[in-house]
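Enquirer: Next come the chains, spelled out residue by residue.
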Amino acid sequence: MTPSGRRPAPSAAPGDRRDAILRDRARELAQARETRSVETISLLPFEVGGERYAVEVTGVHQVLDARHVDPLLGAPRGVIGAIMSRSRPVPVFDVRHLLGLEGGGLVDLVRVILVDDDGDLFGFAVESVAARIEVPTTELRPADAGPFRWMAPGRLGVLDPSRLGVAGGGGG
Amino acid sequence: MPDVLEQVWPVFEAETREQAQALASGVMDLERPGSADRTGPLRRAAHSMKGSAASVGAPDIERAAHAIEDVLGLADGGQALPAHAVEAVLRAAAAIEASLSAAERGRIADVERVVGDLEALTDPSGPRAAGPGETPGRETGAGDLDALFEEIGALCTADGAERTARASRARAAAERLAATLSGRAAELATRLARSAAEVEGGGADVPRAIARAAGDLVELRGAVHPPAPDAAAPAKGPRDARKGEERSIRVDATRLDAVAADVDQIVVGVSRRERRGRDLQRLEQALREAARLVQRGLAEAGLREEARPRALADGLDRLRSIGVDFGRHARELRREADRERVFAHGLRDALLDLRMVPAQAALDALRPTVREVAAKLGKHVSLRLSGGEVRLDRRVLDELKAPLLHLVRNALDHGIEPAEARRAAGKPSEATLEIRVEPRRDHVFFTVSDDGAGLSAERLRAAAVQRGVVSAAEAARLTDAEAAQLAFHPGVSTAAEVTALSGRGVGLDVVAEAARRLGGSASVSFEPGRGTAFVLEVPLTIAGSTGLLFRAGGGVGIVPADAVERVLLVSPGDLGTVAGQATVDVDGAPVPFSSMAQALGTTGGPAGTGATIALLVSAGGKRVALAVDDVLGEQAIVVSSLGRRMASARHIAGAAALDDGRVVAVLQPAHLVGAARVSQPAREAARVRIIVADDSLTTRTAAKAILEIAGFQVLPAADGEEALALARDPGCALVVTDVQMPRLDGLGLTRRMKADPRLSSVPIILVTSLDAPEDRAAGLKAGADGYLVKRDVQRGKLLELVRQLLPA
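Protein sequences, first through last, are from chains A and B. Per our numbering, residue 1 is the first one in the first sequence, and the count goes up by one each step. Per our numbering, residue 1 is the first one in the second sequence, and the count goes up by one each step.
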């Protein structure tokens, strides 16, 4: 670099070149920063009916052991029972029929994911819960069908809690 | 809106809402001439609202309040306020209330029109729109007070040096006022000066100081301008609580609910502890028993005391002393639990009392609606409210607001006839709409009655048949009073056309459902041409209650104990049928009988056969006996809602945690009563028809009841001939017959049916009083498909066999 700090550039040409170099550098730096601050969302992957799905971590209230679910007398189809979450009973749904998954008994469901849908707390039972993952938002595609909000890479359906678990008609 | 306002806003919002509601409900009384002092409280409310709005920087509300205040002045001296003025004030009050929860808080959507309408009333030269910067309080005449308003109003939105400067000017004005005023006003001015000084000094407490200053300013305004002649008169204005202000605080209701939920948990915790105490006591007894057994064993073995191994004797001693310890702990635990129970229940009652509010607020909220809707429909309606002093749980009242509104709209729209029709019917053209609140024991009755045309039972019947709620035959059987209740079914309406006000699909079923969710009920009565009365019966409070725990349909459930009149032991002799509905005799009256599992629509567990335990459940004045497998006892419960997603499961009111930690469904008594009583015509048609032939009326009735409870349609026959005639009608799926009968006995019937190609495939069960091998052989030889001894009928064997033999 020329000792530009002490005196002005001797001619226009080197000055232009310096500006060009600085501009390029600035652009590179800006791009580098942009990549680093890429926006991601945290997902909690889980398995149900042998398939892998996920929910956004921000919507998850608690993950509990499904052994603590008590059946509810007269509960409608699709309601497994209720579970206590911080001294409050919360209904637990079987999302398998909603997801079009056949078969599998209740014993297969070992975890309950409790989600908060705009103040309405409910749970759905799953077979297993994996460690959370970070997915760049740029890699998410809006889902056009089913109870999903996004499709994440690897055809991972991200559930939309607001489209889940409405008790299927009165059992009475 | 700047951050500082975030802290002031909730107080302002609550206060302004209260004032707007008071204005709306009070202004209607001004339509008729009255006492000279009646505008006082209302003008004060408008005035305070204006001041507060100025101080939080809500110019729209400020302008509207100012204009309302001016309009109220028209009624000074006891003059009547013109109807259009009343309406303009009502619109303005509603607009102010709506602005509190608008996207841009405090912004009145159509402020120019709202204010213009009001100003046109006081300004004969025509509507005028005041500029947003117009300073209120021009009538005060006290420059310092105005300056204070301006400075403190601007404080909220100012920052840095500007804020300090304004605070300094406000302090100076307040100090001057403090020097010139006296008494309470001087005190307030001094406080204001102090608050302004705090703002001037800056620091973390600035928002609070501004909020305090704003509050004091409003009060100061009231103190400087005493509301003229009526100051001493007791009135109902919201500000009249001012006297007791220092002794009361405003608490966010959700916080109170959170505390209540915690207290409920404490109450449940206490009963859990009581149970632990009982468990310990049982352990103590078991230990003593074990020690006694060992002792007896030693004695029986012939071992003398001195010959026993020392370790054995020591062990025995230790067992006894542990038993004693257990006993002591158990007693202490129970004593503690007793003490805690007293405190916990006291706490719960005190808290409940805090949540009890007068019904007046809910009634007042209806006034503007009545006024507005009646005006829109061009109907003259006099509204009578009574029982506003009745206190009930705020949560109950909140839940009832929408249903009451619906009933009021419904009455105005459909109940009350247009004036011409009323005159033609010889009624006064002004209709009466009455809303009455009456407490009865631990329930409250809300009655919304009108003197309109009354319901049309015929139209309700027709609508219900059309919607498939009842069959035409059933509809015809209903009395007019019963037919009226059809109005609560979804989709059933007598309204000939859907109007903008009611009848928009959200019907009376929603009203009934709201009452049911509260553990109450809805009913309607009418007199043709004279009027209709809707009654909502609700409990005084939604609180922790006692539940009766039972087992049925393969699970455990709870019914609120106050809905269970008693537990019945039902023997087959108590059962009968009335119009196809299984009934049980309770104190000489037939009560609908069903199995709990059936009422819940679950499977599992036999339908009541033999001696059955049944819960006599009552709701909304109706009773039903529901057979359960077992009653497990009573328990203190707290019913928690299961959220929106379970709202469609109408028979589940919520869930409660038992003292052993299990979560159990709490059932909705009103729904259980409805489910067990409804005899659905469609289901009836699809029901399997069974012929029961027996010459003994008792046996016939018992078998009939057992089969009917299980959902079968039963045709009784007194002998074989009769049974054969019935079997030849199409639709017979099975025959249950006694062996010995007059005319044609069971064996003869079997032989003839099996010989008839049209009937040979119908399964036949022979029932006899003796289990003689030769009878059985004869029966089977005749072609019977099953054979039963009478005593087995009541043990559930009949149903078992019937289900086996019927094609799936």
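In short, the hints are calculated from the structure, not lab data. Where is the CB? At the ideal position from N, CA and C, for every residue including glycine. Hints may contain errors.
If we take Cβ atoms under 8 Å as the criterion, some of the chain B residues that face chain A in the derived model are [to be verified]:
hint : residue
1    : Gln265
2    : Gly555
3    : Pro572
4    : Thr602
5    : Ser648
6    : His651
7    : Val663
8    : Val664
9    : Leu667
10   : Arg758
Enquirer: Does each hint hold? Answer for all of them.
Expert: Here's how the hints hold up against the structure:
1. Annotation: glutamine 265 of chain B was flagged as interfacial toward chain A, and the flag holds, the nearest CB pair being 5 Å apart, inside 8 Å.
2. Satisfaction of the interface hint for glycine 555 of chain B is found here, the shortest Cβ-Cβ separation to chain A being roughly 4 Å, below the 8 Å cut-off.
3. Here the hint on proline 572 of chain B is broken, as its CB sits about 26 Å from the closest CB of chain A, past 8 Å.
4. With its C-beta approaching chain A no nearer than about 6 Å, threonine 602 of chain B sits inside the 8 Å limit, and its interface hint holds.
5. Taken as an interface hint, serine 648 of chain B checks out: its beta carbon lies about 5 Å from the nearest beta carbon of chain A, inside 8 Å.
6. Look at histidine 651 of chain B: its Cβ gets to within about 4 Å of chain A, closer than 8 Å, so that hint holds up.
7. Taking 8 Å as the C-beta contact cut-off toward chain A, the hint placing valine 663 of chain B at the interface holds, the least distance being around 4 Å.
8. Interface restraint check: valine 664 of chain B against chain A, minimum CB-CB distance 7 Å, threshold 8 Å, status holds.
9. Below 8 Å, beta-carbon pairs count as interface contacts, and leucine 667 of chain B has one with chain A at about 7 Å; its hint therefore holds.
10. The beta carbon of arginine 758 of chain B comes no nearer than 39 Å to any beta carbon in chain A, farther than 8 Å, and the hint placing it at the interface is violated.
Violated hints for the displayed structure, listed by number in ascending order: 3 and 10.
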